[in-house]
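Q: Each chain, letter by letter, is given below.
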Amino acid sequence: MDLWLIALATLVTVGRIWLLIGLAVLSGWGLAYLCIRSRSFESAFVPVVNVLESIPVLAFLPIVLVVFVSRIGGPAGVEVAVDFLVFDAVAWNIWIGAYQSFKTVPENLFEVGENYRLGQLRMLWHLYIPHSVPRISSNLLSSFADAFFYISVSEVFAVGIHTYSTFGIGTLVTGFLATSNYGDLAWALFFIGVAVVLVSLALTEFAQYSVAKYGVDTPEEIARRAGWGRRVEGWRRVLGGPGRLVSSRVTRSQLAAIAAEESGRPGRRRRAGGWIGIGLLLLFGAAILYGSVDLVRSVPGAEWRALFAETPFLLYSMGVDYLRVGIVTVAALLLSITLGYFLATRRPTSRVVTPVLQVVASYPVPTYFPLVFAATFSFLSAAIPWGYAEIYILVLAFLSCFYYLFFDFWIGVQAIPGEFWEVMDNHELGYFTRMRRVILPATFPYIVTGISSTVNSCWAGLEIGEFWPNIDGTHSLVAGVGMMKYIGVNLASGNVAGAAWVSLLFGIVVLVYGLLFTRNLMDLARRKYVVEEGVYAA
Amino acid sequence: MDRIGLREVNATGSTPRNEGTFGTGRPSHPVPRPAPLVGEGLSFTFSPPGRSRKAPAPRKFVFQDVNIQTHPDELVAIVGPTGTGKSTLLRCLGRFLAPATGRVLLQGKEITRPSSRIALIHQSIATFPWMTALENVKLALKCKDISEGESETIARRMLRLVGLQEMAQHYPKEMSGGMRQKIAIARALAAEPAVLLMDEPFVHLDELTAAALRREIYSLVFNPATTLQSVVLVSHNLHEVVELADRVLVMVGSPARIVEEVRITMPHPRSYRDPPFYEYLDHLTGRLEQPSPEVLKA
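Chains as they are written, first to last, in the numbering used here: chain S, 1 to 538; chain U, 1001 to 1298.
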């Protein structure tokens, strides 16, 4: 194939991602502004975003297919469906970043604005938006990585006998794999690599620039290790890390706190404009309701009864998938703790390895995994004929999510105050004592967030891995049992209702899991394991 | 000048101790012991932010060729203007930082890494919020080969020493700043250090708390129940220094050097109402207000 076409497809995919990220930023500013103008909008916005953020992107797939592909139809419908999935992958991060920034504009700057009687638009343009730039820029790298992951698998998908695709590198990669065209596939992976490296470098530079220009606080430049903790905020902004590690760490823990803090904070007048927010909220709710009702009505009653009858098996399949998620998460945790600690305590090595890991993390796994499969299939299927598929699934899921936990833990270790390191050195604590007594408790909030992000992303890996027809052009990767396999098989056979039913069950379970597990752990982390409380400076 | 024991520092940076002149009432040691802590020819450098990545600025000395020696049962204070590297020097003495040149000897043996025999008390009071006061102190004993019961006994004894025996099961966040600093001190002493390094330990406390803690500290650190032999204190607060120190090292310049040593011979406990107290204070203030030799040269 013409190399220019591959390059063009890469550019189109990257351009599509950036357009959607731009849309997310613009809408994030608008929504954040509505939040600070309208208390009622804010009180609805925060919990809605919290819930939506905790539901994995792919749970939306069946609804998206029904609403966009079936109703709109044609290339436009596919394009909108793909764009919606990618938007869902990037929007929550950016929206929450914008909201947090708008809510934490320093009171004195706000008063200066009021003093000079700046109007609403000028306040937005000269105060709120500049203040949000560092925080949003720190989220861009992770948003880009998330979007690239999803776009590479969502540019082409099959429902029943129909295959829907839109022009982009994801579609080309799928085609190359199906025809075993490894020469062009290598070029496609090369162009993706170039795009990932260039975007990562550009975003890192932009993040540094935005912190230098728009950051209210300036990180200290202290050569000794005691300065690490103080610099972490700056590093976090610059490095960001893949996935939702930055923003998800702060979302649940800080959204409520920010809202509570704000409620007792005088001076922010909320004038007219709240009704716009409420209107938007109602519109959003109506769209969700329409999609759901549309889906329910499109399925005959007999099929609903069949779905109910199948529910126990689906819950069992979900249990098997949770077991996979558990195995992957534990493996990710063990590797993160050892490698993360090693890198965080060896700065010269970290300076080399961490950027490389970031680029690798931004590289979409589904684009290169078929090569790993093709290279190892003969050996692995002969060595473990009964379990090779399971190994591929677990490895794919692991590669999709390991980085989230790793980077969260890595940042957590660096956020440990220098004084704590000196106490540990002073008392000559060994590795395991350090880990058990200091490092793990001190990084507990980061680990909880990392686990949450890892679990969310692990589902995406499982969704791809449990049912991947013609992964290398000749073989298919199919799990024995699994909820994600069920969704994939039903979509491939055109049974959208079946897939949607599982997605609904899954959404409910995820929500309950989030409320019972993640939130409780996060509360515990906030209550007991706040490392900043360990250094007293009255 | 002689009355308040001033002298310019010699090449070794330290006056050999004259046991008879301190008048602190502490027991003298007839058998000569090695100096608890010696820093020889210590220098520390850093890289200032370069104008460009290709042409980084050359490394700058924070302090250069500093010699320090402590003597048994002595509290040495280091004073100097902000930015002279006093805290950095303290960390080099504890080998929390590696000096560019020079070496550190603990009781006659060179050390190259932090040791529980040299305890550091931080300016920002460092206690682990997820551990009770007792657990914080017990942490210092983890590296020792002792049983859990023994460890608890020692930790409780240290807490009693600092007057926090009733607070053993409380978390640091339930305590005042002064109490937290006492936990840090108890933790430091539990490891049976020979030398205590204190980096402005009272700076985050209100004046009344700091004054009370200062009074306790002096008797505490040289309490026979502890293994301490000497203390090095870094402070901006000259009142504090005159109240506590047996010897004061004045550090000025860029790169900083120890330019003067002041021996304070007033008996303990010292009061700011005593006339010599102000003589020392005036002298130290005057010395710190003098332009550094580099400024005079320019």
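Please keep in mind that the hints were generated in silico from the structure rather than gathered at the bench. None of the values given here were measured: they were computed from a predicted structure. Treat the hints with care, since some could be wrong.
What the hints assert, rightly or not - Listed next, the in silico DSSO-like pairs over lysine-lysine satisfying Cα-Cα at most 30 Å (straight line): (1) U:Lys1144 to S:Lys528; (2) S:Lys103 to S:Lys528; (3) S:Lys103 to S:Lys213; (4) U:Lys1109 to U:Lys1144; (5) U:Lys1142 to U:Lys1173; (6) S:Lys528 to U:Lys1142; (7) S:Lys528 to U:Lys1173; (8) S:Lys103 to U:Lys1173; (9) U:Lys1142 to U:Lys1109; (10) S:Lys213 to U:Lys1060; (11) U:Lys1144 to U:Lys1173.
Q: Hints first: check each against the structure and report whether it holds.
A: Do the hints match the structure? See the list:
1. Using a Cα cut-off of 30 Å, the hinted pair lysine 1144 of chain U and lysine 528 of chain S holds, with the two alpha carbons roughly 27 Å apart.
2. With a CA separation close to 26 Å, the supplied pair lysine 103 of chain S and lysine 528 of chain S stays within the 30 Å bound.
3. For the hint linking lysine 103 of chain S to lysine 213 of chain S, the alpha-carbon distance of about 20 Å falls within 30 Å, and the restraint holds.
4. Between lysine 1109 of chain U and lysine 1144 of chain U the CA atoms are separated by roughly 20 Å; this keeps the pair inside 30 Å, and the hint holds.
5. About 23 Å separates the Cα atoms of lysine 1142 of chain U and lysine 1173 of chain U, which keeps this hinted pair within 30 Å; it holds.
6. The hinted pair formed by lysine 528 of chain S and lysine 1142 of chain U meets the criterion: a straight-line CA distance of about 22 Å does not exceed 30 Å.
7. Between lysine 528 of chain S and lysine 1173 of chain U, the direct Cα distance comes to roughly 10 Å. Compliance with the 30 Å bound is thereby established for this hinted pair.
8. As the CA atoms of lysine 103 of chain S and lysine 1173 of chain U are separated by approximately 28 Å, the hinted pair is consistent with the 30 Å bound.
9. Taking the CA atoms of lysine 1142 of chain U and lysine 1109 of chain U, the gap is about 24 Å. The hint holds against a cut of 30 Å.
10. Our distance criterion of 30 Å between C-alpha atoms is met by lysine 213 of chain S and lysine 1060 of chain U, whose separation comes to about 28 Å.
11. Restraint check for lysine 1144 of chain U and lysine 1173 of chain U: the C-alpha separation of about 27 Å stays at or below 30 Å, so the hint holds.
Figure legend: structure checked against the earlier numbered hints; every hint is met.
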